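One-letter residues, chain by chain:
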Amino acid sequence: MNTTLFLQQMINGVSLGMVYAIFALGYTLVFSILGIINFAHSAVFTIGAYFTYALMGLAWGFNGLLAQQKLPLELPFVAALLLGGVLAGLLAVALERLAFKPLRERSADPLLTLVSSLGLAVALVNIIQFLVGAEAYSYPSQRVLSGLPPSINLATAEAPLIIPTVRVIIIIASLVILALLVLLINATKVGKAMRAVAEDTTTASLLGINTDRIILFTFFLSGLVGGIAGTLVGLSVTITGPYFGISFGLKGLAVIVLGGLGNIPGAVVGGLVIGIAETFAPSSLKDAVAFVILFLILLARPQGLLGKAIIQKV
Amino acid sequence: MEGFIATYGFLIVTMTLQAMLALSLYLPLMAGQLSLATPGFYALGGFVAAVMSKNIFVVANGELYPLPVVFVEMAVAAVLCAGVALLVGLPALRLRGIYLALATIAFVEVVRVVALNLPITGQAVGIFGIPQPFRSSFDYLIVSLPMLLLSIFFVYRLERSRVGRAFAALREDELAAAAMGVSPTRYKVLAFVMGAVLAGMVGALNAHLLNTWNTRQGTFDAAILILAYVIIGGSRTFLGPVLGAMLLSALPEVLRAAAGLPGLAPFIAQLLTDGRLILYGLLIALGTLFFPQGLITPDLFRRRRARRKAAPAAPVEAA
Numbered sequence: 195m196n197t198t199l200f201l202q203q204m205i206n207g208v209s210l211g212m213v214y215a216i217f218a219l220g221y222t223l224v225f226s227i228l229g230i231i232n233f234a235h236s237a238v239f240t241i242g243a244y245f246t247y248a249l250m251g252l253a254w255g256f257n258g259l260l261a262q263q264k265l266p267l268e269l270p271f272v273a274a275l276l277l278g279g280v281l282a283g284l285l286a287v288a289l290e291r292l293a294f295k296p297l298r299e300r301s302a303d304p305l306l307t308l309v310s311s312l313g314l315a316v317a318l319v320n321i322i323q324f325l326v327g328a329e330a331y332s333y334p335s336q337r338v339l340s341g342l343p344p345s346i347n348l349a350t351a352e353a354p355l356i357i358p359t360v361r362v363i364i365i366i367a368s369l370v371i372l373a374l375l376v377l378l379i380n381a382t383k384v385g386k387a388m389r390a391v392a393e394d395t396t397t398a399s400l401l402g403i404n405t406d407r408i409i410l411f412t413f414f415l416s417g418l419v420g421g422i423a424g425t426l427v428g429l430s431v432t433i434t435g436p437y438f439g440i441s442f443g444l445k446g447l448a449v450i451v452l453g454g455l456g457n458i459p460g461a462v463v464g465g466l467v468i469g470i471a472e473t474f475a476p477s478s479l480k481d482a483v484a485f486v487i488l489f490l491i492l493l494a495r496p497q498g499l500l501g502k503a504i505i506q507k508v
Numbered sequence: 007m008e009g010f011i012a013t014y015g016f017l018i019v020t021m022t023l024q025a026m027l028a029l030s031l032y033l034p035l036m037a038g039q040l041s042l043a044t045p046g047f048y049a050l051g052g053f054v055a056a057v058m059s060k061n062i063f064v065v066a067n068g069e070l071y072p073l074p075v076v077f078v079e080m081a082v083a084a085v086l087c088a089g090v091a092l093l094v095g096l097p098a099l100r101l102r103g104i105y106l107a108l109a110t111i112a113f114v115e116v117v118r119v120v121a122l123n124l125p126i127t128g129q130a131v132g133i134f135g136i137p138q139p140f141r142s143s144f145d146y147l148i149v150s151l152p153m154l155l156l157s158i159f160f161v162y163r164l165e166r167s168r169v170g171r172a173f174a175a176l177r178e179d180e181l182a183a184a185a186m187g188v189s190p191t192r193y194k195v196l197a198f199v200m201g202a203v204l205a206g207m208v209g210a211l212n213a214h215l216l217n218t219w220n221t222r223q224g225t226f227d228a229a230i231l232i233l234a235y236v237i238i239g240g241s242r243t244f245l246g247p248v249l250g251a252m253l254l255s256a257l258p259e260v261l262r263a264a265a266g267l268p269g270l271a272p273f274i275a276q277l278l279t280d281g282r283l284i285l286y287g288l289l290i291a292l293g294t295l296f297f298p299q300g301l302i303t304p305d306l307f308r309r310r311r312a313r314r315k316a317a318p319a320a321p322v323e324a325a
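The listed protein sequences correspond, in order, to chains G and C.
Residue 284 in my numbering sits at position 90 of the first sequence; the count goes up by one each step and never skips.
Residue 31 in my numbering sits at position 25 of the second sequence; the count goes up by one each step and never skips.
Calculated from the structure, these hints are not laboratory results.
A portion of the hints provided could be inaccurate.
[To be verified] Ranges between beta-carbon positions, derived for each pair:
no., chain 1, residue 1, chain 2, residue 2, range
1, G, Asp394, C, Pro304, 27 to 37 Å
2, C, Leu156, G, Leu199, 50 to 60 Å
3, C, Leu93, G, Pro270, 48 to 58 Å
4, G, Pro344, C, Leu92, 50 to 60 Å
5, G, Asn257, C, Leu92, 43 to 53 Å
6, G, Gln263, C, Glu178, 54 to 64 Å
7, G, Ser478, C, Gln276, 49 to 59 Å
Keep in mind it's a predicted model, so treat the numbers as computed, not measured.
Virtual Cβ for every residue (Gly too), placed ideally from N, Cα, C.
The shape of chain C in the complex, shown without the other chains:
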């Protein structure tokens, strides 16, 4: 067990953090908005934590960083991300579908280039030696697991609240929702801000976990990966993104571990270690082909509850 935690502690914490990032992309999607801005806010939150811990609350080398300060950093990151999300979201959410996705990609790239040029974010080098609030990376689970459970609970309750129903109405038909008195702009921006806040808080915690933060955190690739979590897990329920994120973020390590199994041909072992991202990409592609609705579909719940064949899935919108 000791050895397992030493080897995989970091991975387990990362899985919980990635699951929250998936939820942060899922929140705007609940209101029918495909936003890929999550990595931008994640990077922003990470820089908030990194800059604050290196400049404001400085601790001596080797000393543990006080945990309450981490929470303060997360709060600051949340407020900042909410503000930026309002500024970006109000104009951008007039766009639909692929246009909104592209505008949010542009946002992610602009954040990256700005961070590359500002002295306070360490430019291309980034920020090193971010102090640790815990002795081992596995201990971060004390914060990340309750945070994940809270976010899941929040989204679960949200779906059953007035706001969540407004999101669902927007997702199904924006025009009809507006006709029924649901303000599209208000709820779309709300969903976008919620996602941004969650991503910023995850970034703040992850900056401590990783010990270093730079512009390679939160790129376009990350946006696509998070989208893959949501699509492969299933984009219709809140459990889908969580499961998808956990499976996909663990997959490269599982492949690496599989390469160590005895009795494998050397070629396969080499493919599993050096070429594991090849298999990763192929599995993502195959996942969409074999599970077009994602691993977890609303039908799955319905079937359990009703013990009868669920109504046929809603027809996919024809182009």
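The shape of chain G in the complex, shown without the other chains:
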């Protein structure tokens, strides 16, 4: 493999890995606070991509209840991306109220929460299908790029290293989200409260932290980054239909376990490892890479690459 191809593949891998990372951060945020994996996260991811599509004022296809309808407003891509993320965040908040809070109040078995969140995910995915059909949608590239060239040459004219602009946008957007998130968690009051709740919910509430509100805020953040990740994936491939979050959701699980459950730098490392490994794997085996890595890491180091081993107390 020559250097140019290697670098191109590497950048593709990093761009894929960054999206995995910010998607998996949604899982990690909720897991670090509740110790529960939110299986509805992949549905939120899917809906985020659809929200952005709708907010750009694009028309739906021929199937579903909303066939051929479109919103009267035409937001530019960046605004639609952000607003779509916010709406996805609000949806995640609603899910918390419906599927998580009632069970948490009864301190029910975590398995029940898993099933109830999955039930809602099935419902959401099918609501999408009911409303806008099962066809694929993609964002029109002119409006996304708005004047930018479709690809960028990162090297000299003689030895070109051509990268699609979309990949660069994805990497930059992911880095910005990641930086803001780290800043929020480490340098703000609400971030401090989140860390306190993650450490020990009961003690945090005794110290005057409104844990219920912090949990809601965490779900909002998780939905926000999940929805934005959905749009970014929709941008780099297409929205392949209501189920497009499902396989992504499973890989997100591999990512967080690889990095260490509930560990934010871990999610980034895990995302990059799996993204790059997938890019270099033969295409027919691409989908197995994440799961082989997941299986091996579980056997060799179940706490993940960056996680700390938890000693089981009796």
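Given chain G's structure and the hints, the job is docking chain C onto it.
Structure of chain C alone, referenced to chain G:
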């Protein structure tokens, strides 16, 4: 009656098969292990039957496939699944809780991708025209119903045997069980292998029933659905998974039938047909909220037997 069987024969057989899949997930759960590997073994069993019936015991087109050969296929599937379960289970069962669940999901996905790439499993297209041992799909009940009753009886007796008590001890407290001389690894692997064997046999039979087998059989979605059977039915008794599986696998068809009732507003009828999976998902979510212990709880039996208020349910483990 004729019309009913023609319409719902397939569904009734499917309900019995799904009930066995629920039992296959319940078996490791008896020993406290949340394994979602059932669809992986189910897919494996189906491929065994599909490959054998297309390559080894070939029958002429239109001729009935000999039933004993189906049993041979089920036996081969059972042996193969037991072997794979040993290989996967021995390392994986060192993991606990959600980690084990994730490792078994990884197993299911790897089986799927391998089947997608092997020429013998038909890759993305799958295997078509698997020969039928019966004239109608309802006749499969001759095999599936006794099989279900046998599995129920097996699990029922198991719970009262030495092995079953060892499982229960592991489920309640692994450390204490080990201290009492119950080998955790041995019994966990045993429970895992039992579940795998049952799932493989169901897959082998279902490949014939469905007539075609591909990688869309036995996915992550199926794993979650089977988990929903067990959780909604009740994960503390063997009857819970069976009832949960029968109710939930019939539900989409019941909703479809309900849409045909006269006097429904067109919007509701459309929701019941096109949107029945929406209602299905919502019902699963509501089921966990309203029946956190599942529909069938051990209390239910105890109350009948003792005619007095059962002891308060064991406190749920706090996180």
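Hints, one by one, checked against the model:
At about 33 Å, the CB distance of aspartate 394/G to proline 304/C agrees with the hint of 27 to 37 Å. Separated by about 59 Å at the C-beta atoms, leucine 156/C and leucine 199/G satisfy the suggested range of 50 to 60 Å. For the hinted restraint 48 to 58 Å between leucine 93/C and proline 270/G, the CB-CB distance of approximately 54 Å keeps it satisfied. Between proline 344/G and leucine 92/C the beta carbon distance is about 53 Å. The supplied range of 50 to 60 Å therefore holds.
Roughly 47 Å separates the CB atoms of asparagine 257/G and leucine 92/C, a value that falls within the hinted 43 to 53 Å. One distance hint, 54 to 64 Å for the beta-carbon pair glutamine 263/G and glutamate 178/C, holds here, with the actual separation near 56 Å. Between serine 478/G and glutamine 276/C the beta carbons are some 40 Å apart, a value that contradicts the proposed interval 49 to 59 Å.
Going down the numbered hints, you'll see the structure goes against just number 7.
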